[in-house]
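So you can see what is in the structure, the chains are spelled out below.
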Amino acid sequence: KPKAVAATQKDDEETIIPTCGTTNCGGRCLIKTHVKDGKIVRITTDDAEEDSLICPQIRACLRGRSYRKFVYNPNRLKYPMKRVGKRGEGKFERISWDEAIDTIYKETKRITDKYGPASRYSTYASGNWGGIASGRTMFKKLMALTGGYLGYHNTYSSAQTSNATPYTYGTGATGSSLDSLVNSKLIILWGHNPAETIFGTSNFYLKRAKEAGAKIYVVDPRYTNSGIGLADEWFPIRPTTDNALMDAMTYVILTEKLHDKDFLDKYCIGHDEDHMPENIPEGESLESYILGKKDGIEKTPEWAEKICGLPANKIRQLARDYAMAKPAALLQGYGPQRHMNGEQIVRGATVLASLTGNVGKNGGWASGQGGFSRTSVASVPQVENPLGITIPCFLWTDAVTHGTEMSADDGVRGLKDGETLPSNIKLIFNLAGNALLNQHGDINETAKILEDESLVEFIVVSDVFMTPSAKFADILLPSNTFFERHDIGLPWGYGDYAILSQKVSENLYESKSDYEWLTLLAEKMGVKDKFTEGKTEKDWARWVVEETKKQDPSFSTWEQMQKNGIHKWKFDKPTIGFEKQINDPENNPFPTPSGKIEIFSKDLWDMDNHEEIPAIPKHIAVGEGPESELTKKYPLQMIGWHYKRRCHSIHDNNPWMEEAGKQEMWVNEMDAQKRNLKDGDIAKVFNDRGVVQIPVKITNKIVPGVVAIPQGAWYTPNKDGIDTRGSINVLTTLKPSPLAKGNPQHTNLVEVEKI
Amino acid sequence: MAQLGFYIDQARCIGCEACVIACKDKNDNPVGVNFRRVYSFEEGSFTEDKNGSFIQNIQSYFLSISCNHCDEPKCVENCPTTAMFKREEDGVVVVDQDKCVGCRYCEWNCPYGAPQYNEELGKMTKCDLCIDLLEKGERPACEGACPVRAIEIGPIDELRAKYGNVSEVKGLPTASITKPNLVINTHKDASE
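Chains as they are written, first to last, in my numbering: chain E, 3 to 757; chain D, 2 to 193.
Isolated chain E (complex conformation) (with noise of 0.2 Å):
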């Protein structure tokens, strides 16, 4: 008989040290590290004997499982370095900790006693999304210490939405808890993919709503693995046209009288010319908009599918079964935002969902951003920024070149009235981030612009690999990993729960958390003891674990934490989103102006901006989109998506994740017949802002006229300053979308031709 395999080994020697990832992924899932002699064996996930409806298992994706090849990746940088070549030309020597310190001190002297605190900046940035001690947080912690700094608001996954929900309901926090979604009949994933995003625990209550009884339906650009896993109808849709879809949704809910008329009338306002604010002029309503009485457009199915692609048929069918299965959830997700008209998407959805009545509904959905949250951790005290600055994140370019002219108008916060930015960004901390070059919009011109000195004065990066942005610092820092250092780890919304991301190992090579080492800067600063407050990391962390147990009785200890890793708070309930608005409006007003569900909007209306900021969501053909003069000379709309395997730009150099979802992109079988283009040739995708270059998938996953790209490559250019990588960012505007001043990253138009 053949002797037994590998099976009977014990591994008994390993050690089980719970900990989560804090790079900006959807799932912050519980990471279980088996560690064997110091070094990470395997990683397991939640394996939690309870995995129900109100306490699943918080399981690791694809990503969280390959963290392995993230954390003993070899090509992680080791020690400090100082650029010796051209700026952005990625040459470097090797340097001490302590000049490397001493530069940065230095620098930020003298650019702050030069152009004053102003001119001082961290970039956006999200690969380390730890709650607590974050070199994003601790910058600002150190910078208001010491005479402040320029600020930002907004996000580049979200702007659009953040901004123009409140205009709507009052707040962003428009979602419910999503164990409601089993009491639902019809779900529609709006532009929504949690199948790869992980967006929270959203592919565990989606199955669960599905096995309840509830359709899924998908409307979407391309067929995602989340319609395949769960939708039972694919709705494709060209980028850009979700408000002519929508606008025609409600054509047909209002003249068949399909719509919640006293939800209407009892909640919300604009809607009809009966229920306007005062003083606005006859037919801005949306029933005056959708039955064309001012610009003579009836918004029918007929009108609307030559807009979208979708045929006029399944748009009646989408409306009706929207508006007759009660009740019905419309989740969006943040793709279809990140447009230049992205603010309508998001307005048009909630619409769709005052129309039918579904807001304050348990398995009805509020739609719009669909903030939620109904636990929380105790928060580190933040110092405040002395200059109350902010500006969109998505602007730091403008604030690079010209700042001193950027008023209220581009969106900066925190200027009185007629005054600009005191100066423009000199110096830049780019701390666990991407999104100095590779992750913002036009990657040539902003390489253009980080390459002259002039502008930029000095710029600091620290990061755990040579990434695209790394490439352009003047002092590079080698960034530990979650796996080396302590913080607290939150989802993104949904999910009831807490993980303590604990230090598994010690740092690497000469690797530091940024924590550590702006501690050391902040003593040759004079201010180290206000910054660390006397307290390392794992001290924050344990601070949050005893200060949340002071107000939360049931929180884990501190020694529960470190054993489980994981706090779940339990709910017998759903929390819905405006239920209390909804059953006793008298008490309970929303947040709005008028204290109703404003379809239309008094403070949008006052923008005075009726074209690019209607009052009432509208379909506004963008100047990128499949309406526009541009696509004589570039005749495809170019998307981006969040790609399984990335999370963001992290793991772009992971190899298992190249072999689990490869860098092509998705090309319709038309598309690709006209232009004679086969399965994986590599293929030239170029518009009057740059060249990449990318192996072709040729798939009917994907609308006609639309090619896709997923996000997060590294840029890499040749020679001739062509990317070859396939990093979308090289074909994205720096113009922003009117409203939220957000990064319109999807709204493209391209041609592509064959090599």
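Be aware that a few hints might be false.
Claimed, not checked - Distance ranges between label pairs, derived from CB positions:
#1 D:Asn52 x E:Ser378: 47 to 53 Å
#2 D:Pro174 x E:Asp681: 20 to 26 Å
#3 E:Phe573 x D:Gly45: 40 to 46 Å
#4 E:Thr633 x D:Ser192: 57 to 63 Å
#5 E:Glu16 x D:Lys163: 32 to 38 Å
#6 D:Pro174 x E:Glu235: 39 to 45 Å
#7 D:Asn52 x E:Ser381: 50 to 56 Å
#8 E:Glu561 x D:Glu120: 44 to 50 Å
As the list claims (entries may be wrong) - Computed footprint of chain D on chain E, listed as stretches where at least three residues anywhere in the stretch have a Cβ under 8 Å from a Cβ of chain D:
#9 206-216
#10 303-314
#11 442-454
#12 661-672
To be clear, the hints were calculated from the coordinates, so they are not data collected in a lab. Every residue, glycine too, gets a C-beta built ideally from N, C-alpha and C.
Using the hints, position chain D against chain E.
Positioned in the frame of chain E, the structure of chain D alone reads:
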């Protein structure tokens, strides 16, 4: 112990490959060696309508598959060194690496592509159903990884009693070749 096998809820598979990576991590497999694999299938096309809209009939589904620890494993039958064998106690098909000479004959004979050649070792490797974990009372890597809980491992009789007898879907070879210990809840687009 009874014959072990897999239940795959293909209808719910989101193609994420968490199972693939969890398996790779457990077995320390390099790029190119995948005891579990997720295949993606698609059919159908778009037709342009007169009004500029598109009619489509696209169908697509994923299939996560490893070794099916078959009743009649062709890999075992055709192994020239008897390195590949089926365990009596639970029917799990494993490789005795002391005997394996890396001829890859099993790979050619398996209709599912289950045996995986490891170049570094110069030998065949494959899914052993994580019998080491099962012995410790833990769940196999792929089962414990699936974000939509679409993989279940257990005695095949019990799985069949719970989930039925489907072991063939569009894109898979006929079950009559090897009699796989596999039960599938078929995706709507993958019915024959």
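Results for each hint:
no.	hint	verdict
1	D:Asn52 x E:Ser378: 47 to 53 Å	50 Å, holds
2	D:Pro174 x E:Asp681: 20 to 26 Å	23 Å, holds
3	E:Phe573 x D:Gly45: 40 to 46 Å	42 Å, holds
4	E:Thr633 x D:Ser192: 57 to 63 Å	40 Å, violated
5	E:Glu16 x D:Lys163: 32 to 38 Å	33 Å, holds
6	D:Pro174 x E:Glu235: 39 to 45 Å	30 Å, violated
7	D:Asn52 x E:Ser381: 50 to 56 Å	54 Å, holds
8	E:Glu561 x D:Glu120: 44 to 50 Å	46 Å, holds
9	206-216	holds (count 3)
10	303-314	holds (count 8)
11	442-454	violated (count 0)
12	661-672	holds (count 6)
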